[in-house]
Structures are given as structure tokens and as C-alpha cells.
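Chains as they are written, first to last, in my numbering: chain R, 5 to 92; chain X, 5 to 92.
These are computed hints drawn from the structure, not numbers from a lab. It is possible that some hints are incorrect.
Where chains are identical, the list cannot tell them apart; a pair therefore holds if satisfied intra-copy or between any two copies.
Taking lysine to any residue and the SDA-like style, the derived pairs with C-alpha atoms no more than 20 Å apart in a straight line are [claimed, not checked]: (1) Lys62 - Glu10; (2) Lys31 - Leu72; (3) Lys31 - Ile90; (4) Lys92 - Asn81; (5) Lys62 - Ile37.
As a plain string of letters, each chain reads:
Protein chains: 2
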Amino acid sequence: MKYAVEVGTVSLETEPGVLTMNAVADKENPCDITILETYAIREAYESHIASEHFQKYKQGTLHMVDSLRLDDVTPLNPNNILTNIIRK
Amino acid sequence: MKYAVEVGTVSLETEPGVLTMNAVADKENPCDITILETYAIREAYESHIASEHFQKYKQGTLHMVDSLRLDDVTPLNPNNILTNIIRK
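Full structure from sequences and hints, please.
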């Protein structure tokens, strides 16, 4: 949880191409985490996974992750706009 | 898709207690839809599902929905704030 919160914060605050990075835990099974990630362009995603903060998260949590599913998705309504910030 | 886009738009624009209503379709299986819904308080959810626009969506799509899962979730980081609007 600590790693995930940190990587989300650093990514949103330092990577302009990271538009959303919002994580939720299932109430019935709190180890089941879903993260909504939105990138301005594909290159923003590639530079994100190459970043030092992402690699710290990835390597630091590798032994805790039993399964991982990456679902590539399309917004249903392109006019439905999410803005994501870290509150100070 | 049309019903889902409509109910999202009307809910965000007319229900102050609806904070996010953001739908995405899986690219590999576009019939697999995920909606991130956030409500200010539980009563906002209850008034949402009782609303005329939600009931139009619900009744209009009932015969198309093969399976539905409602996952109650908790934000990992309470300072990670999503804002959701419909762009004009």
C-alpha cells in the first residue's frame, strides 16, 4: 500500500503525461487492488514504466503480487473527463 | 453504450452527490464494461438508483446485461482526488 501510494503521488506530480493514477481496494478482499491509469500518449506510459519511482515500486512489491492483469481500455464517452490531483 | 453515456452525463450534471461516473470498455472484449462510480455519501447513491434517468438506463439495458458485479471499494490514498465533468 505504501509503495503504491508513493508511486501514484510521484507520478501524478512529476509526469505531465500521467493523467490519472487512482487506486482502490476491494472492501471484501482488500488485497484485490484496482488502479485506473490514464496516459496522454503511449510514450508517457513507456516513460512511466522506465522511471526510477516506478521501478522502485515494481521491484519493491514483486514478491507480494500473486497475480497481475493489465486491461487496455477505451473510454465510453470521450467528453467524460477525469482530472486527478494529489491534495496537499 | 448510448444508455450508459446518457445516464452518466445526466447524473454528473444534475446530481451533486455523484462525484465520478466514468465508464471504460475492455479493448479485447468491448462488451466488458467497467464503471468507476463515486458518491459523496451513501444517500447520494440511494437517490441515484431511485432517479428517473437511472431507471431509464436500468430498464432499457436489463435484457442486454449477462452479468453484473458491484464491487464496493476504498480509495488507497484519501489525498488522491478525482474530479469528473462532462466537457461541453
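Do the hints match the structure? See the list:
1. Lys62 - Glu10: Intra 12 Å, inter 38 Å, cutoff 20 Å: intra-copy only.
2. Lys31 - Leu72: Answer is both: 18 Å inside a copy and 17 Å across each meet the 20 Å cutoff.
3. Lys31 - Ile90: neither (22 Å within a copy, 29 Å between copies)
4. Lys92 - Asn81: between (30 Å within a copy, 12 Å between copies)
5. Lys62 - Ile37: within (15 Å within a copy, 27 Å between copies)
The structure shown violates just one earlier hint, number 3.
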